[in-house]
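J.: For the sequence shown, the positions run 4 to 217 when this note's numbering is used.
Source of the hints: derived by calculation from the structure; they are not laboratory data.
For each residue, glycine too, the CB sits at the ideal point set by N, CA and C.
You may find that some hints are simply not true.
Beta-carbon label-pair distances, calculated as ranges [to be verified]:
| hint | residue 1 | residue 2 | range |
| --- | --- | --- | --- |
| 1 | L139 | F196 | 40 to 50 Å |
| 2 | T92 | N192 | 19 to 29 Å |
| 3 | P164 | S95 | 28 to 38 Å |
| 4 | S168 | G195 | 17 to 27 Å |
| 5 | R113 | T93 | 24 to 34 Å |
| 6 | A72 | E148 | 37 to 47 Å |
Derived SDA-like pairs (lysine to any residue); straight-line CA-CA distance at most 20 Å [unchecked claim]:
| hint | residue 1 | residue 2 |
| --- | --- | --- |
| 7 | K173 | R113 |
| 8 | K150 | E103 |
| 9 | K183 | S66 |
| 10 | K144 | L184 |
| 11 | K173 | S95 |
| 12 | K83 | E70 |
| 13 | K144 | R87 |
| 14 | K173 | L184 |
| 15 | K166 | P188 |
| 16 | K110 | G176 |
| 17 | K83 | G195 |
| 18 | K166 | P187 |
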Amino acid sequence: MKLVSRSDSLVRLLLLAASLLAASSVSSGRPQKREPLKKGAPTKTLPSTAPVQEASATGLHLSVEMERAEVYAGEQVVAKVTLRNESSTTISYWGVYDDESFTYTIKDWRGNVPLTRYGKLVIKPPGGPIYSVMVLTHHLKPGQEYKCRILLNRLYDMTPPGKYSITLQKIVGTEHQTVKLIAPPVTVNIKGFDSGTSTISPVAHEDLPTAPGH
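Work out the full structure, taking the sequences as your base and the hints as a guide.
T.: The structure is reproduced here in structure tokens:
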């Protein structure tokens, strides 16, 4: 018969006790000790979930004017949009291409103006900005302006004669807050063909300059 030394028995007893203690700790649901975060370790910053603010606290100012106050039905209805940094520091904000990032409210005497076939394809959801999956970072120095031209009747059916009101909004996201910029409303008068003679300029998007991301 093989004899087991006293020291071997003691080692086995200690190992058995350690395994029983570990099993008891797991079954009792005691949380394991977590290692403290090392100084300088990288962390992820989540996007701000702060509510959208109405005031242009960022120092950005949005304005719009019509290229022509009166146009004939079928002619281009172009809005000239300006985003200006009125603060004393450079402002960085994120978004898609600026000429695709506006939300439009266009009304005539009947109410809201319907989207064109093209507008239904690119404005999703209805009433929102032009759909885009690209997000860019833009920079505006103090006093700097970003300008673009929007062909409104490529997006909305503005064929019926009458007066239309146009309001543009833009959501601006910065590192610290999300701000809704609202331009003062403007109007345009669409004339019928019985109002005079018109030289029709076909509605075409291609002849408008494409605003580059910056």
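J.: Would you mind confirming whether the straight-line C-alpha gap from K83 to G195 stays at or under 20 Å?
T.: violated (23 Å)
J.: For a C-alpha distance cap of 20 Å, please report whether K173 and S95 respect it.
T.: holds (15 Å)
J.: Are K150 and E103 close enough, with their CA atoms no more than 20 Å apart?
T.: Roughly 12 Å between the alpha carbons, so the hint for K150 and E103 holds.
J.: Checking one constraint from the list: CA of K166 to CA of P187, max 20 Å. Satisfied?
T.: holds (16 Å)
J.: Given the hinted pair K110 and G176, is their Cα-Cα distance within 20 Å?
T.: Violated, at about 27 Å.
J.: Given the hinted pair K144 and R87, is their Cα-Cα distance within 20 Å?
T.: At roughly 9 Å apart (the allowed maximum being 20 Å), R87 and K144 satisfy the hint.
J.: Tell me if the beta carbons of R113 and T93 are separated by a distance inside 24 to 34 Å.
T.: violated (44 Å)
J.: Tell me if the straight-line CA distance from K166 to P188 falls inside 20 Å.
T.: This hinted pair holds, its Cα atoms lying about 13 Å apart.
J.: Regarding the pair K173 and R113, is the alpha-carbon distance no greater than 20 Å?
T.: violated (25 Å)
J.: Is the straight-line distance between the alpha-carbon of K183 and that of S66 20 Å or less?
T.: The hint holds at about 13 Å.
J.: Using the C-beta atoms of A72 and E148, is the stated range 37 to 47 Å upheld?
T.: For E148 against A72, whose Cβ atoms are near 22 Å apart, the range 37 to 47 Å is violated.
J.: Does L184 lie within 20 Å of K144 when you go C-alpha to C-alpha?
T.: Holds, because 18 Å separates the two Cα atoms, which is no more than 20 Å.
When held up to the earlier numbered hints, the structure conflicts with 2, 3, 5, 6, 7, 16, 17 and fits the remainder.
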